[in-house]
Each structure stands twice: as C-alpha cells, then as structure tokens.
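Undergrad: Protein chains in written order, with my numbering: chain A, 8 to 479; chain B, 12 to 217.
Treat the hints with care, since some could be wrong.
What the hints assert, rightly or not - Think about it this way: if two alpha-carbon atoms lie no more than 27 Å apart in a straight line, the pair counts; the simulated DSS-like pairs of lysine-lysine are:
1. B:LYS88 / B:LYS113
2. B:LYS195 / A:LYS81
3. A:LYS81 / B:LYS209
4. B:LYS209 / B:LYS99
5. B:LYS130 / B:LYS113
6. B:LYS99 / B:LYS186
Since the hints were derived computationally from the structure, they do not count as laboratory data.
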Amino acid sequence: MNSNTFYKQLEKKLPYWQAQGWLDHYAAQEILQDTQASIQKSHKLSFILGIMGVLLLAAGAISFFAANWQGMSKLVKLSLLFSSMTGSYLISARFFYQQRHPALGQVFLLLGVLLFGNNIMLIAQIYHIDSHYPNGILLWAIGALTTAYIMRSETVLILAILLSLLWSSMEIFAFRQIHWPWIIFCLLSVWLVIKYHFYIAAHVMILSLFLWLLFSAYSLSYYFSGGFFVQIYLLSGLLIFTLAGTLKSVMGRSSQNRQNWHNFLNILSCYALLFTVIFLYILSFPGLETGSYKSSVFNEQRILELTIPAFAFVISGLFIVQIRHKEGSLALYQKAGIVGLLVLFSTLLLKVFFYQELHTISVLIINILILSLVIGLIAAGLAEYKQFYINLAFLLFTITLFSRYFDTFWSLMNHSLFFVLGGMILIFGGYWLEKKRRQVSEQLVLSQSSSSSSYSSGKPVYVTQLGDASDV
Amino acid sequence: MSHSWGMHLMFKNTHSVLPAILLVIVLQSCLLIVMIANRQAILSSDSLVILETQPIDPRSLFRGDYVRLNYHINNLKLKPLAGDKSFKVNELIYVVLQQKDKYWQASAVYSEMPDLNEKQAIIQGIVIQVNNKKWDWSNPGFIKAHSIKVSYGIENYFVPEGEGLKLERPKEGDKVTLEIALDKKGHAAIKTLLLNGKAQYQESLF
Numbered sequence: 008m009n010s011n012t013f014y015k016q017l018e019k020k021l022p023y024w025q026a027q028g029w030l031d032h033y034a035a036q037e038i039l040q041d042t043q044a045s046i047q048k049s050h051k052l053s054f055i056l057g058i059m060g061v062l063l064l065a066a067g068a069i070s071f072f073a074a075n076w077q078g079m080s081k082l083v084k085l086s087l088l089f090s091s092m093t094g095s096y097l098i099s100a101r102f103f104y105q106q107r108h109p110a111l112g113q114v115f116l117l118l119g120v121l122l123f124g125n126n127i128m129l130i131a132q133i134y135h136i137d138s139h140y141p142n143g144i145l146l147w148a149i150g151a152l153t154t155a156y157i158m159r160s161e162t163v164l165i166l167a168i169l170l171s172l173l174w175s176s177m178e179i180f181a182f183r184q185i186h187w188p189w190i191i192f193c194l195l196s197v198w199l200v201i202k203y204h205f206y207i208a209a210h211v212m213i214l215s216l217f218l219w220l221l222f223s224a225y226s227l228s229y230y231f232s233g234g235f236f237v238q239i240y241l242l243s244g245l246l247i248f249t250l251a252g253t254l255k256s257v258m259g260r261s262s263q264n265r266q267n268w269h270n271f272l273n274i275l276s277c278y279a280l281l282f283t284v285i286f287l288y289i290l291s292f293p294g295l296e297t298g299s300y301k302s303s304v305f306n307e308q309r310i311l312e313l314t315i316p317a318f319a320f321v322i323s324g325l326f327i328v329q330i331r332h333k334e335g336s337l338a339l340y341q342k343a344g345i346v347g348l349l350v351l352f353s354t355l356l357l358k359v360f361f362y363q364e365l366h367t368i369s370v371l372i373i374n375i376l377i378l379s380l381v382i383g384l385i386a387a388g389l390a391e392y393k394q395f396y397i398n399l400a401f402l403l404f405t406i407t408l409f410s411r412y413f414d415t416f417w418s419l420m421n422h423s424l425f426f427v428l429g430g431m432i433l434i435f436g437g438y439w440l441e442k443k444r445r446q447v448s449e450q451l452v453l454s455q456s457s458s459s460s461s462y463s464s465g466k467p468v469y470v471t472q473l474g475d476a477s478d479v
Numbered sequence: 012m013s014h015s016w017g018m019h020l021m022f023k024n025t026h027s028v029l030p031a032i033l034l035v036i037v038l039q040s041c042l043l044i045v046m047i048a049n050r051q052a053i054l055s056s057d058s059l060v061i062l063e064t065q066p067i068d069p070r071s072l073f074r075g076d077y078v079r080l081n082y083h084i085n086n087l088k089l090k091p092l093a094g095d096k097s098f099k100v101n102e103l104i105y106v107v108l109q110q111k112d113k114y115w116q117a118s119a120v121y122s123e124m125p126d127l128n129e130k131q132a133i134i135q136g137i138v139i140q141v142n143n144k145k146w147d148w149s150n151p152g153f154i155k156a157h158s159i160k161v162s163y164g165i166e167n168y169f170v171p172e173g174e175g176l177k178l179e180r181p182k183e184g185d186k187v188t189l190e191i192a193l194d195k196k197g198h199a200a201i202k203t204l205l206l207n208g209k210a211q212y213q214e215s216l217f
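Sequences are here, hints too, so could you generate the full structure?
TA: As structure tokens, then:
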C-alpha cells in the first residue's frame with residue numbers, strides 16, 4: 008500500500024480505535040508521528056536524487072540553449088524559455104495535486120525557479136542588457152522569494168536566501184560598499200521562516216546573516232585593522248545573542264506564532280554564541296593589532312572609543328530587560344555570566360585607552376574569561392538542557408588549551424620534544440575530554456528525561472544539536 | 012520547527028495548488044516580459060545616434076561570447092564640455108550628444124535632465140569613476156585632471172560564438188561603430204553593430 012494512503016487510513020481509523028478504548032490519545036499521536044517519519048525517510052532519498060537531477064536538468068537546458076542559440080530566431084528563443092519554465096511549474100503542480108510524490112513536486116518547483124533565473128540571464132543576453140550586473144541576481148532572488156511565499160516551499164526559500172547572499176556579496180566585493188538593502192531581504196526571509204515554521208531554512212537564513220556580517224568587513228578593510236573587526240564582531244555576536252534572549256523572554260510562548268518565534272530565536276542565539284566564541288578565541292592571541300590604524304577617512308582609535316561603550320550600553324540594557332522578565336532569582340552561572348560580561352567590557356575599554364601598556368594583561372584576562380566561559384557553558388547546558396552549550400564548551404576548551412600550548416612552548420622546547428608531547432596531549436587529553444563530555448551529556452539526558460516525564464502536556468522533548476529543547 | 016527537509020507542500024487543500032502555481036507563472040512571466048518590453052520600447056525608438064568606439068586592451072576586449080565596447084563617450088573630459096562640473100561615483104547623469112560629421116559626440120553633461128534642441132540627443136549614464144588627478148609621463152608626477160568614466164549599459168554586445176575575433180582585433184584602419192537607439196529619457200540600446208560602416212549585426216524586434 009502507498010505510504011500516504013496508509014497514513015490517511017490511519018488518520019481516519021485512529022479516532023475510532025481511541026473511542027473503543029484500544030489506545031489513548033498520546034499513543035494515537037505517537038503512531039501517526041512514527042508513520043509520518045517513515046514516509047519522510049522514504050521521500051528523503053528521492054528528494055536528494057531529485058535535487059541532483061534538477062541541477063543536471065538545469066545545466067542541460069543551459070547547454071542546449073547555448074549550443075543551439077544561433078540557429079533560432081528571437082521568437083523561438085523566447086518561446087522556448089517561457090515554455091520550459093511554465094512546463095516545469097505545471098509538472099510540479101501535478102505532483103503536488105496527486106499528493107503521491109510531494110518530493111518530486113518540490114524538485115520541479117525548484118527547477119522552475121532555476122529556469123526563471125536562466126531566463127533572466129538569457130533575455131539579458133538576447134537584448135544585450137548590460138546594466139548593473141548584480142541586479143540580475145536580485146531579480147532572480149525576488150522571483151524565488153515570491154514563489155517560496157506563494158507555494159509555501161522551504162526548498163525554494165533556501166534557494167532565495169542563497170541567491171540574496173550572492174547578490175549582496177557581489178555588491179560588497181565588486182563595488183566595495185556595505186550593502187544595507189540585503190537587510191530588507193533578510194527580514195522578509197525571517198518572516199517566511201517563522202510564518203511557515205521552516206527549520207532548515209532558519210539555519211540557512213541565520214548562517215547567511217553571519218556570513219553577510221563577515222563579508223561586509225571587506226568593504227571597510229581599507230580603513231580598519233584586523234583587530235578592530237575582531238572586537239566589533241565579538242560585540243556584534245554578543246549583541247545578537249542578548250537580543251535573541253531578550254526577545255524570547257519578552258515574547259513568551261503563549262501562542263503557536265510565538266512558539267515559532269521562540270524556536271527561531273533559539274537557533275539564532277546558538278549561532279550568535281558560536282560567532283561570539285570564535286572572536287573571543289581570536290582575541291585571546293597575543294600580538295593582535297588593534298586600535299592603532301589611522302586612515303584619512305577614519306580614526307580607528309576614536310571609533311573604538313565610541314563604539315565599545317555604545318555596545319556595552321545596549322547589551323547591558325538588553326540584559327536588564329531580560330532579567331526583569333525572568334521568573335525567580337538568577338542562577339549562580341547567570342550571575343557569573345554578568346560579572347564576566349562586565350570584565351570583558353572593561354578589558355576592551357582598557358585595551359583601547361591604554362593599548363600599549365596593558366596589551367599583555369588584556370590577553371591574559373581574555374584567556375581567563377574563556378576558561379570561565381567553558382565552566383559557565385557547561386553549567387548553563389546542564390541547567391537549560393542544551394547539549395549545544397556543552398559541546399561548545401568542550402570544543403572551546405580543547406582549542407584554547409592546544410593554542411596556548413603552541414604559544415607557550417614552541418620557542419621554549421626542543422621541536423621534536425614539542426611535537427611528541429603535543430601529540431601525547433592531543434591523544435590522551437582528547438580521550439579524557441571526550442569521556443568527560445559524554446559523562447556530562449549522559450547526565451544531561453538523564454536530568455532531561457526526568458524533567459520531560461513531568462512535562463505538563465505529556466509530549467516528549469528532544470534537544471537539537473544547534474537549537475533548544477523543542478517540542479516535537 | 013518542521014523537519015521534513017522542505018519536501019512537503021504546506022497547503023491544506025490541494026485544490027489551491029493550481030491557482031498558486033498559475034500565480035507564480037504569471038508573476039515571473041510578467042517580470043520577464045517587463046524586461047523584454049523595456050528593451051523593445053527603446054529599440055523601436057526613432058532617435059538613433061552613431062557612436063565611435065576606441066580600441067581597448069585586446070586582452071579584455073573579447074571575453075567568451077561578448078564584445079566589450081569602449082565608446083569615446085565613456086571617458087569624458089569635463090573642461091571642454093558645457094553643463095555641470097562636479098560629479099560623484101554612482102551618480103546618474105545625462106550626456107547631451109550632438110552630431111559632428113557622421114558621428115555623435117558629447118557636448119554637455121548634467122546631473123538633471125536638460126532641455127534639448129532639435130539637433131541634440133540625450134543619453135543616460137552612471138558615473139563609475141571620477142579622476143581629479145592623473146600621472147604625467149612626460150614630466151613624472153601627478154597633474155590636475157578633471158574627467159569622469161561613465162557607463163551607459165551598452166558596453167557589452169553578445170555575438171555568435173567564435174565570430175568576435177574580427178571585432179576583437181580590428182585590422183589597421185578598420186573602424187567599429189555602433190548605432191544606438193535612445194528613448195526620451197535617454198535610455199540606450201544597441202541597434203546595429205557596424206564594421207567600417209557596414210552592418211554586421213542588427214537587432215530586430217522579434
């Protein structure tokens with residue numbers, strides 16, 4: 008029997024079985040979810056193969072047009088372009104309508120959007136349109152976003168997000184400017200992600216946001232040093248992390264829409280934390296040039312003197328709002344987190360104002376902060392059931408330890424001894440750390456399962472690798 | 012959040028699928044038709060000018076299937092021209108063209124659309140570079156210069172594969188010129204590509 012038909016029959020029969028008292032509501036939901044999961048698994052392979060097929064088809068279409076281009080009149084060319092795109096969309100509609108192969112429906116929908124982009128490029132070629140070239144990608148991205156909205160398609164939304172990032176990176180790298188219009192596209196995509204409850208697109212969207220932030224540095228790289236960007240990115244990551252946390256506590260999860268927001272903000276805060284940790288780690292290296300770069304346009308020192316207090320002010324304000332909305336008193340790790348934050352702001356400010364004198368001390372403080380963060384993340388992970396925090400803590404600890412070993416002993420030891428010792432530390436230390444990480448993770452799962460058994464709705468809870476404990 | 016790998020359609024009623032997909036087709040087709048109609052409108056304009064091109068670095072003249080065209084009016088020295096004298100990069104400008112002998116040349120440049128007489132035509136462009144000084148090779152050092160580099164959106168011309176060589180490296184004495192169609196706002200489109208005054212490629216409506 009077709010899996011979809013089986014699922015539909017189950018859906019019809021389960022209420023009757025429940026009424027007969029053969030199973031309860033929870034068991035019925037479990038059966039439905041299990042059946043749906045196996046349907047999705049069977050569709051996954053056809054979906055992946057379909058995506059690969061679509062890419063080949065799109066490449067084939069482009070090659071066909073390229074090979075036969077000169078032999079065709081304009082009218083034939085245009086008819087071919089429009090009919091291929093329309094045909095692809097109509098086939099996708101047929102698959103969706105029949106409901107038998109929704110994955111293939113998505114694949115043909117994706118092919119339609121790819122052909123739409125192909126058509127933009129080829130029409131530009133037919134009519135020798137030579138405008139600002141990223142505009143072609145913008146038009147394509149707009150078409151994809153509209154399709155994602157109308158068809159409620161996550162696959163197409165992912166394509167739209169990637170296209171918008173391509174458009175923005177073209178503007179940044181080719182025209183060397185901070186490309187603010189991308190933010191509009193970003194907000195529209197976030198709205199769709201939350202409205203339609205898309206999970207993978209949420210990850211792609213948030214990753215794009217951080218990539219865009221990194222790309223934007225290129226447009227200002229003439230004027231600022233690497234150390235400047237490290238500090239600004241560290242504070243930006245922290246700001247996004249705090250903002251996500253504050254929005255979560257202010258909004259609550261009273262409705263489905265707010266729950267969607269909550270899930271999205273969870274993913275955002277995880278990526279923001281990762282982003283912050285990466286730049287905190289970079290800042291822990293001695294010899295990073297900061298605050299001394301002067302160009303004719305900007306004085307880096309002056310800008311840092313203004314931006315660091317501004318970031319500190321906004322982040323602190325957001326934390327205060329978050330604390331006010333919190334029920335009960337702060338846990339010890341949260342209080343320690345606030346102290347750590349104050350130490351970080353003070354160190355950055357001292358670094359700016361007394362750069363030469365306090366450089367070594369600031370590096371030392373950053374390293375101590377990293378070790379404190381490791382402990383804080385493990386405590387937070389256990390208290391908030393977040394596996395991601397625990398994994399991040401162990402990863403941060405490992406790379407920091409290894410980096411400091413390199414920094415400290417490279418010049419002090421004989422090189423062969425250095426490598427032998429380094430290898431041994433890596434093997435045994437890695438084994439020990441992984442063992443500890445597993446112990447902590449098991450502890451987390453145990454405490455979580457005891458918590459979920461008393462969960463009011465009776466629904467099971469799972470922890471995502473990069474997200475929060477979410478309702479299934 | 013949904014974990015279906017984006018495979019499923021989220022319509023509650025499958026009858027909504029067809030109208031939705033038709034809406035997508037109509038919207039995307041409209042976008043493409045606007046692109047085409049916009050070009051067709053310029054190409055069907057009666058205002059035609061012939062512009063000269065300059066030989067440019069042959070390494071970058073022909074890339075793949077298109078010819079990179081460098082018009083005389085791409086580089087404007089502001090001193091001999093009437094109109095405004097100060098421009099910024101990415102600024103939209105209007106270049107007044109006047110016929111001298113066979114070809115049309117820039118006579119003035121403005122930030123705003125100017126009034127024209129019957130013998131003039133207007134072409135819209137975007138400033139891509141402003142040069143306030145240049146290197147003097149005869150007496151090494153920077154000297155004052157006031158010129159701008161402008162893009163008109165007619166700098167690329169797609170030609171059949173393998174046929175660009177004669178345009179890429181014109182023989183001694185060969186001259187590549189372009190007949191350009193202009194609409195009232197100064198938007199430009201290439202109508203004919205000429206080699207020594209003879210049409211090599213001509214754009215038809217369909």
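Undergrad: Measure nothing beyond the straight line between the CA atoms of B:LYS209 and B:LYS99; if it is 27 Å or shorter, mark the hint as holding.
TA: With Cα atoms ~38 Å apart, B:LYS209 and B:LYS99 exceed 27 Å; violated.
Undergrad: Quick one, are A:LYS81 and B:LYS209 close enough, alpha carbons at most 27 Å?
TA: holds, 22 Å
Undergrad: Does B:LYS186 lie within 27 Å of B:LYS99 when you go C-alpha to C-alpha?
TA: Violated. B:LYS99 to B:LYS186 sits at ~32 Å, over the 27 Å cutoff.
Undergrad: Hinted pair, alpha-carbon criterion (27 Å max): B:LYS88, B:LYS113. Please report holds or violated.
TA: Status holds; Cα separation ~21 Å.
Undergrad: Holds or violated: B:LYS195 and A:LYS81, Cα atoms, limit 27 Å.
TA: holds, 25 Å
Undergrad: Take the C-alpha atoms of B:LYS130 and B:LYS113, compute the straight-line distance between them, and say whether it is at most 27 Å.
TA: Between B:LYS130 and B:LYS113 the Cα gap is close to 13 Å, so the pair holds against 27 Å.
In summary, the structure is inconsistent with hints 4 and 6 from the numbered list given earlier, while agreeing with the others.
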